[in-house]
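J.: Assembling the complex is the task here: the two chains are given apart, and the hints tell you how they should meet.
Protein chains in written order, with this note's numbering: chain A, 1 to 114; chain B, 1 to 114.
None of these hints come from the bench; they were simulated from the model.
Check before you lean on any hint, since a few could be wrong.
[As the list claims (entries may be wrong)] Restricting the straight-line Cα-Cα distance to at most 25 Å, the calculated cross-link-like pairs of lysine to aspartate or glutamate (DMTMM-like) are:
#	chain 1	residue 1	chain 2	residue 2
1	B	42	A	63
2	B	49	A	41
3	A	44	B	15
4	A	62	A	40
5	A	44	B	88
6	A	51	B	64
7	B	42	A	52
8	B	49	A	86
9	B	42	A	41
10	A	44	B	95
11	A	62	B	88
12	B	49	B	64
13	B	49	A	40
14	A	27	B	88
[What the hints assert, rightly or not] Sample of chain A residues at the chain B side, in silico, Cβ under 8 Å:
#	residue
15	45
16	56
17	60
18	106
19	107
Since the model is a prediction, treat every value here as computed from it, not as a measurement.
Glycine residues also receive a C-beta, built at the ideal position from the N, C-alpha and C atoms.
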Amino acid sequence: NAGVMQNPRHLVRRRGQEARLRCSPMKGHSHVYWYRQLPEEGLKFMVYLQKENIIDESGMPKERFSAEFPKEGPSILRIQQVVRGDSAAYFCASSPNEVSHGYTFGSGTRLTVV
Amino acid sequence: AQSVTQLDSHVSVSEGTPVLLRCNYSSSYSPSLFWYVQHPNKGLQLLLKYTSAATLVKGINGFEAEFKKSETSFHLTKPSAHMSDAAEYFCVVSEGGATNKLIFGTGTLLAVQP
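Okay, chain B solo, but in the shape it has when bound (with noise of 0.2 Å):
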């Protein structure tokens, strides 16, 4: 089964600096992973999906997330942070198969100090 593990429930760093958000994944074939945002009281959002072609995936908002398969990692980064990418950050992967549905990480919130 498939499945997304987050490995940081709170990340805060200073404005201008980089961001990295972590994120593992466990699946028995080559999945397709992607990164959702989540700004206060607001719906979801698609920074960046992964889906077998080039491993450095460039998303919005200057975001980008490397596939990394000999480590199973999909982690997010950013060279500066806004204050504007204050919000949760959910790493997901879809399941595949007949329903394709997603499966998603418990989240990382994102904290941006000026």
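Chain A extracted, bound-state conformation (with noise of 0.2 Å):
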């Protein structure tokens, strides 16, 4: 079992250029979670996605962000035309089901604006 996969590990974009971030999930979890760590911060939750399906985008900012959970291949995370405030480390959760406690977490994505 691979544990979740996020790639790549590190990124880095020019202002204006977009971000692509990869998750796969756990073998068997149909359950994805978003969170960002901004610098000397905790994470904060960003979006909650099943196959096919946003289930809660609360934390999402509303303009430039949105992410997909296809029927087959990994959930993406995709930042349009990045700026500077977007440099963080982005965190893939999965879980078998909503109410599993505790997911398992990526190794995160780390990108840098410059």
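T.: Here it is in structure tokens:
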């Protein structure tokens, strides 16, 4: 069991470019969560997805950010027209169901906007 | 709404001495509580979790935490610190409900001196 796989581990983008972050959940997990960790802060919830459905996106910025979890393939967090303030570590977690206690987190993608 | 407060942003101990990382929670019902550890530039690892069973919870690497409802606390302890324990520690509460998203504290950075 490879655990939750996130790629890339590090991503550098220039202001105005698009960033795509990928998350492959653990085998058998159909629930995916994305969290963002800004420098010197704890993690903040962004979005919760099940296969082909966004269940809760209350933590997503209203503009430029989107997420999907298609029937086949990894979950994607997409940031359009990145700005310096988007520089952060983005963590994905998966669970087999919504009442699971304690998800499995990936190692994160560290986005740097230059 | 659920929340957690980590009372110390930095804790420094000597190797071989006890560790105490403090956390208070706020919840309108019996919460699920967790401690996660994050080593530098790494992902999050679950140390232990409380889900309304025994109030003294034992985790990995010799850590344990005690749920005290009367004090609304969930402090993390270890009898003897090891150099490899140096990391950031997050106290986390589960929001429960349909999404079960996690609410993170701001973290405590543990330094272990030789």
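J.: Against each hint, give a clear statement of whether it holds in the structure.
T.: We went through each hint and held it up to the structure:
1. B:42 x A:63: violated, 29 Å
2. B:49 x A:41: holds, 22 Å
3. A:44 x B:15: violated, 32 Å
4. A:62 x A:40: holds, 23 Å
5. A:44 x B:88: Between residue 44 of chain A and residue 88 of chain B the Cα gap is close to 16 Å, so the pair holds against 25 Å.
6. A:51 x B:64: violated, 35 Å
7. B:42 x A:52: violated, 29 Å
8. B:49 x A:86: violated, 31 Å
9. B:42 x A:41: Holds, at about 15 Å.
10. A:44 x B:95: holds, 13 Å
11. A:62 x B:88: violated, 30 Å
12. B:49 x B:64: holds, 9 Å
13. B:49 x A:40: Status holds; Cα separation ~24 Å.
14. A:27 x B:88: violated, 28 Å
15. 45: holds, 5 Å
16. 56: Nearest chain B Cβ about 4 Å off; hint holds.
17. 60: Nearest chain B Cβ about 12 Å off; hint violated.
18. 106: holds, 6 Å
19. 107: Nearest chain B Cβ about 4 Å off; hint holds.
Violated hints, listed in ascending order, are 1, 3, 6, 7, 8, 11, 14, 17; each of the other numbered hints is respected by the structure.
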